[in-house]
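As given, the protein sequences belong to chains D and G, one line each in that order.
Each residue of the first sequence is one higher than the one before, counting from 6 in the working numbering.
Each residue of the second sequence is one higher than the one before, counting from 20 in the working numbering.
These aren't lab readings, by the way, just hints derived from the structure by calculation.
Bear in mind that the values here come from a model prediction, so they are computed numbers and not experimental data.
Take these hints with a grain of salt, some might be off.
To be clear about the criterion: a stretch of chain D counts as covered by chain G if any three or more of its residues have a C-beta under 8 Å from a C-beta of chain G, and this derived list gives those stretches [stated by the list, open to error]:
#, stretch
1, 89–103
2, 297–304
As a list, the in silico DMTMM-like pairs of lysine to aspartate or glutamate whose alpha-carbon atoms are at most 20 Å apart [unchecked claim]:
#, chain 1, residue 1, chain 2, residue 2
3, G, Lys396, D, Asp45
4, D, Lys308, G, Asp125
5, D, Lys308, G, Glu129
6, D, Lys294, G, Glu418
7, D, Lys308, G, Glu149
Ideal placement from N, C-alpha and C gives every residue a C-beta, glycine not left out.
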Amino acid sequence: MSEENAVGWFCAYTPLEILDAAGLTPLRRFGDPARLEAADALLHQAICPYVRACLASVTDGEGAGDAVVSRHAVFVNSCDGMRRLHDAWRARFPEHFVHLLDLPRNQDRAGERLLAREFLRLLATLEDFTGRTIDARSLREAALRREERRLAYLERARGSSGAARLRLAMGFQSTPADEIPGTEAGGTRGGGVPVLLTGNLLNPEGLVSVLDAAGAEVVCLDLCNGDRAFSSSTLPAGDDLEGLCASLARGYLERRPCARMADARRRADDLVKEVRGTGARGVIYAGLKFCDPYLYDFPRVQKRLREEGIPLLRLESDYADGHVGQLLTRVEAFLEML
Amino acid sequence: MGLVEDIRDRYLDRLSPATFRSRLFWRTVDTLARSPLNRPQWKADRVSLSYFIRATRDAYLRRAPVVWSNLLFPSEIIIGSGCIPFYPEMAAAVVASAGLAPRFIDRAGEEGFSSDACSYHRCVLGCALEGFLPEPDLLLAVNYPCDSAPLSFSFAADLYGVPHRVLDVPLSGEEEDLEILAEQMEECAAAMLSLAGMDAGEGRKKMAEAVSFSNLALRAMRRVEEMRKRDDCTLDGKDAMGGVSVLAGSMGSREGTEYYRLLAEELEERGCAGGGTIRLMWMHLKPWYAQGIFDALERHGARLVCEEYTHATWEELDPERPFLSLAAKVAGHFLVGPAERRARHLARLARDYRVHGAIHYNHWGCRQSCGGAMLVKAALQEIGVPVLTIDGDCVDEREYQEGQLSTRLEAFLESLR
Ligand code: SF4
Ligand code: SF4
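Construct the complete structure from the given sequences, taking the supplied hints into account.
This is how it looks when you write it as structure tokens:
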């Protein structure tokens with residue numbers, strides 16, 4: 006993989022098969038949570054720390070962060086935070102391929118039509134950028150490989166939980182499509198108190214490892230850097246690019262929704278179903294600070310889980326999770342109660 | 020004393036959800052508003068005041084279906100469909116200016132709403148939870164300027180057990196995408212007509228009327244803008260900022276048109292104050308509960324000559340294709356999409372109004388404005404306009420530190436001399 010081919014992505018709604026079909030290597034960036042303050046010069050502090058970590062990792066004096074150095078990036082217009090990350094990125098790297106893909110909130114026909122048109126526009130922009138034509142065959146093949154990779158993740162992740170499972174999911178997102186990440190599955194199931202973890206995006210070295218340490222067994226990792234991106238197939242059907250993009254749009258919109266989608270009720274329903282299906286005894290709602298979709302989602306989920314008699318613990322993360330050890334007793338007390 | 024404070028003081032000890040649903044209360048409000056003691060600075064303000072009092076009263080008394088909307092949702096569609104538009108974000112500003120926001124913000128906190136979210140919406144949700152807002156029949160939001168409205172409306176819709184809809188404004192601005200938005204707007208209009216018990220024919224007539232009022236308002240608004248560009252125009256930005264509610268909530272009504280027509284006329288009549296002030300631009304909104312910051316500006320001979328949200332940003336609507344042109348109106352707004360658009364709008368204002376400096380008020384929890392502040396600042400500095408960013412909260416007065424703020428403000432104004 007050459008640096009020219011690598012393109013960073015950030016949101017679980019990024020259509021990776023389209024980037025693959027263009028001959029690019031999409032790699033998810035997770036930023037540098039240890040250097041959040043490096044983003045201060047570019048973004049206000051009350052913005053999603055994931056967004057700030059991503060920006061911090063490309064400021065001068067780069068720290069650990071992401072291994073890839075490419076500045077090409079595809080953003081999804083999913084939330085204010087992502088929009089602002091796109092803005093700052095574009096201002097900083099005007100010479101690079103920086104694309105903002107629109108994402109409707111509605112999962113209805115209008116949403117599908119808008120998203121399909123966005124996918125076609127992305128295809129055209131990528132053709133311009135790479136100088137290479139993308140046809141229906143290459144898109145279909147790329148989609149098939151993505152589906153195989155999704156199934157490969159589910160296979161590898163079976164029986165694995167907590168931080169190890171999250172590391173594995175992140176590995177699958179931040180390595181090239183033809184590479185199976187080296188991270189070992191682990192955190193073997195059984196023994197812990199089964200819980201469901203839901204939220205936006207978490208650092209496996211921080212809050213999630215505290216859950217492990219406290220004796221939780223995270224049977225479902227409903228996070229955008231966890232299982233959510235692998236939750237259902239987006240394999241499209243269709244004879245031409247238009248048909249494929251329409252089908253792909255449907256696939257993405259039908260996926261288990263993130264809290265920014267319009268149908269918030271469905272998210273709460275899905276959660277309850279998942280708790281019942283996995284035998285989780287409680288829900289841990291953990292989110293990054295300053296993420297509006299999840300800040301507004303919480304009260305509804307709380308109300309719903311209360312009605313269903315499902316115990317709930319809310320935790321907050323600043324992504325760096327420096328003082329997260331202090332949460333241990335709270336988590337232990339919660340697990341004990343279960 | 021302002022009208023809002025007057026009403027608050029009279030009703031404070033018996034403020035209950037029922038108060039707002041009593042005819043007597045609204046008669047009192049009406050009398051106070053008409054009283055010679057309540058003399059708004061501008062004739063136009065009397066028109067907007069009576070419009071909002073009437074619309075809010077009708078919403079509480081349920082004289083027509085009530086539709087909640089966010090700031091960028093075109094009121095023309097709601098008014099043109101026989102419903103009453105209610106803009107909760109503006110209601111939060113009124114609650115804040117009455118000094119009553121903290122109680123409601125705390126109520127939202129009890130429900131689980133984090134203090135990291137925008138206090139406009141926390142205030143609104145607190146009021147809703149306490150039963151203080153007019154019950155909506157429908158909630159409509161566009162997905163801009165921020166994530167807050169679609170998300171908080173979704174909660175409110177559940178609370179009231181009524182439908183809510185978020186319209187996706189396409190980023191591309193291409194006509195085919197705008198048509199998809201226009202179709203959705205038309206569906207919303209059809210739903211509102213049926214709530215209002217009007218048929219399609221009546222609806223067309225009403226919508227045509229709303230479009231023509233909106234176009235007249237736009238023309239008058241452009242006149243106002245020309246007047247305001249003059250040296251030391253008598254309309255100060257801190258007062259003009261209240262016009263954001265007129266711009267959002269009354270386009271498509273007769274009164275919206277009247278407001279701008281009267282304002283243009285009065286500006287022409289009054290002329291200018293005459294010479295030598297520091298010309299400033301205000302970005303985002305102001306703290307609605309505090310006057311101190313503006314007094315400080317005045318003391319230092321500074322004046323707000325323009326503000327981010329109160330200017331015309333669209334072209335006249337096409338009466339033949341009302342929904343498509345309303346779709347274009349929203350999609351063309353500078354708050355839709357990348358912050359570059361916002362920066363361009365502000366740079367244009369700064370140039371047109373020949374400002375010496377600009378103030379960005381970082382409302383806590385507003386990811387759209389705070390998030391873009393650095394970029395906006397850089398764009399303005401590039402054209403030689405110094406920017407002061409101040410952290411604060413438009414609605415929650417407990418987050419307001421006047422002392423600290425004045426020191427920074429004074430240093431900034433000093434540097435502009
Ligand atoms: S965590 Fe929230 S704010 Fe951050 S990118 Fe995801 S949805 Fe946006
Ligand atoms: S202040 Fe910002 S976050 Fe709050 S409603 Fe206005 S635009 Fe949205």
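Right, here's what the structure says about each hint:
1. 89–103: It holds, with 6 qualifying residues against the three required.
2. 297–304: holds (count 7)
3. Lys396(G) x Asp45(D): 14 Å, holds
4. Lys308(D) x Asp125(G): Measuring from Cα to Cα gives roughly 18 Å; hence the hint holds.
5. Lys308(D) x Glu129(G): Status holds; Cα separation ~12 Å.
6. Lys294(D) x Glu418(G): 19 Å, holds
7. Lys308(D) x Glu149(G): 17 Å, holds
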